Amino acid sequence: MALPQAKQTATEERLAALTMPDAGCTRKAREAALARLREMGLPGRRDEYWKYTRPDTLISAEAPSAALFETDEPMMFHEFDRLKIVFIDGVFSAEASDDLTMEGVSIDRLEDICCKDIHWAKELYGVLEARGQTPVQRPLAALNTAYASDGVAIHVTGKPSRPISLIYRHASETSDAILHHVIRVESGAEVTILENGPAASRFNKCMEIDIADGGTLHHIRAQGRDHQRRAATHMFTRMGTESVYKSFTLTVNGVLTRNEQVVELTGDDAVAHVAGACVGDGEFHHDDTVFVTHDAVNCESRQVFKKVLRNGATGVFQGKILVKEGAQKTDGYQISQSLLLDDDSQFLAKPELEIYADDVACSHGSTSGAIDETALFYLRSRGVPTKDATDMLTLAFLAEAVDEIEDEALAEVIVSRLQEWLARRS
Amino acid sequence: MLEIKNLHVKLEEEEKEILKGVDLTVEPGKVHAIMGPNGSGKSTLSYVLSGRDGYEVTAGSAALEGEDLLDLEPEERAAAGLFLAFQYPVEIPGVGNMTFLRTAVNAQRKARGEDELSAADFLKVIRAKAKSLKIDADMLKRPVNVGFSGGEKKRNEILQMAMLEPKMCILDETDSGLDVDAMKLVSEGVNALRDEGRSFLVITHYQRLLDHIKPDVVHIMADGRIVKTGGPDLALEVEHNGYADILAEVN
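Residue numbers (my numbering), protein chains in the order written: chain A, 1 to 426; chain B, 1001 to 1251.
Because the hints were derived from the structure by calculation, they are not lab data. It cannot be assumed that every hint is accurate.
Label pairs and their in silico Cβ distance ranges [unchecked claim]:
1. A/G369 with B/Y1088: 12 to 22 Å
2. B/D1053 with A/K159: 46 to 56 Å
3. A/Q346 with B/N1006: 25 to 35 Å
4. A/G369 with B/E1014: 19 to 29 Å
5. B/P1232 with A/Q346: 32 to 42 Å
6. A/D358 with B/E1056: 37 to 47 Å
7. A/D358 with B/A1120: 48 to 58 Å
Straight-line alpha carbon distances no greater than 30 Å define the calculated DSSO-like cross-link-like pairs of lysine-lysine that follow [as the list claims (entries may be wrong)]:
8. A/K28 with B/K1141
9. B/K1228 with B/K1214
10. B/K1214 with A/K387
11. A/K320 with A/K387
12. A/K387 with B/K1153
13. B/K1010 with B/K1030
14. A/K159 with A/K84
15. A/K246 with B/K1141
16. B/K1129 with A/K387
17. A/K387 with B/K1228
18. A/K387 with B/K1020
19. B/K1030 with A/K387
Computed from a predicted model, the values in this text were never measured in an experiment. Glycine included, every Cβ here is placed at the ideal spot set by N, Cα and C.
So that you can see chain A by itself, here it is in the shape it has in the complex (with noise of 0.2 Å):
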């Protein structure tokens, strides 16, 4: 079926400012993604999966400009022993990068993958992107594979003894970065991956993970600092037999931010967790779509998504939890809350269970609310002044979602970045 005029002329617009990398064994799975890109056309107002998130600034020619964050603070994770990899406005820095080697995990550079014939990445990249744009399509994610210019293969075959942190640094008003990651976990093998940083004006970021029986991945994700970036992020996540991925994002600030998360459980007994908090003031809106498909038996899912907002910022929740045929003992469980600090913000929560299975525990909640005010005067009438109080209850608020991650001392990071931001507020 022919797109839409508006939809083509506005697709054709973009390509127009875009140059496809010379790509070496990835050349296929780009011009692929190009084309499956051609047919479905970027995302429009009034396409039902962007409802509630306007994505023109996502899809123009020219990625909006967004002023520089002028701040002294170290960013995130800064005191951890990590592995870094950093990408300054979407290109790697080998500079500022730490030696990539590290026993457990072998790690390429995508522009030295490009001009190999035969490489494991191959396997993957776009693979997972292609599968996940059924049933729902995810053009931004196909434009990605089509036109990222950088990124890392990451080949987990042991348990690397320190976290790999990619971390994207924004130096350019006007960057508009695309940046590709694939991620091999194999059998038995256990990674933490971090990213943070707001990495350019405009970012769009695919990872696409794919984990092997019995394989661990757990992922810490802390977008932050500059209040007019734009980020379109999609992590296509395949699980085998007895795997785990443990997914949490961290936002604070940025104009527009939409975080897609498809997760596939094709082996039974795999376990997937995807939590995020965010908080958000004035002109911030921030989505979490979010698309879990259980296709093995006795696997469990979790989505637990907590979003503050005030001064008029929009949170959105689109969450959906797929039951296929066969995949029986599911486990399900979605949760989206958000706290509203005044009555100009708004929380747009579109949850959805699909079941075809008939012997599964699937559940789903989504609430939207100001402070307790019982809470409120319990601790206020303890002493405890009402700022502080609200503080409180708000950290209480996002608990939930920030207790989804294992490693204390990083959820501890998660947690004082909370408080400065509520330390923030005047």
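Given the structure of chain A, go ahead and fit chain B onto it with the hints provided.
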């Protein structure tokens, strides 16, 4: 210590007057009990004194050691030495009991210009006080009142009182929902805090709590006023004859 004069209070949203001229003076070191039938305004009095929203004082005054309470925010009243043990202690998921108590203790100390307690000192004090109330380490770690039994919640209120060391303690139906053993434990906790510089206002329906916490003065409240004041015997009279006789006598 506490001086309430001709206090008139109505609900903010409605015209209904709940307190219709309460006069009450509590001297330092004394335990006063307020008894009265349902709807007489006992709990409203405790809420108004602690500064809860939703009430409007239309006349009268309430002062703690000469300081006008009604002008202060709830947290300022707490720092001034007022404490309300809630009839229904509030559950606060996500806030650890210990964190809550330490924040409260230090907020009050700070408001009074005193040094904050270090984590180690705080821990030492709370452990000793928790032990005497049979509150174990687990209860201290759990979120405030979440999953606590009725008795545990009331013991937790008394622990807060013990930690905050207020001058004026108001106990709002602290006996409700308690079995005999729990009532004894809570009462012992209260009695341990009795001190010549500390006063108590014990609000209760029943005389049985007053067997454990012996009052110096007993007031009967009805229809928004203190209608009768007497010694401990007055509570016994209520227990034997109910409120009807007293109210008939007053009217």
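Results of checking the hints against the structure:
1. A/G369 with B/Y1088: 12 to 22 Å: holds (20 Å)
2. B/D1053 with A/K159: 46 to 56 Å: holds (55 Å)
3. A/Q346 with B/N1006: 25 to 35 Å: violated (47 Å)
4. A/G369 with B/E1014: 19 to 29 Å: This hint holds: roughly 25 Å between Cβ atoms.
5. B/P1232 with A/Q346: 32 to 42 Å: violated (58 Å)
6. A/D358 with B/E1056: 37 to 47 Å: violated (57 Å)
7. A/D358 with B/A1120: 48 to 58 Å: At 57 Å between Cβs, range holds.
8. A/K28 with B/K1141: Violated, because 56 Å separates the two Cα atoms, which is more than 30 Å.
9. B/K1228 with B/K1214: Judged against 30 Å, a Cα distance of about 18 Å means the pair holds.
10. B/K1214 with A/K387: violated (39 Å)
11. A/K320 with A/K387: violated (36 Å)
12. A/K387 with B/K1153: holds (25 Å)
13. B/K1010 with B/K1030: The hint holds at about 29 Å.
14. A/K159 with A/K84: Holds, at roughly 17 Å.
15. A/K246 with B/K1141: Holds, at about 26 Å.
16. B/K1129 with A/K387: holds (29 Å)
17. A/K387 with B/K1228: violated (42 Å)
18. A/K387 with B/K1020: Roughly 34 Å separates the two Cα atoms, so the pair is violated.
19. B/K1030 with A/K387: violated (35 Å)
The structure does not agree with the numbered hints 3, 5, 6, 8, 10, 11, 17, 18, 19 stated previously, though it agrees with the rest.
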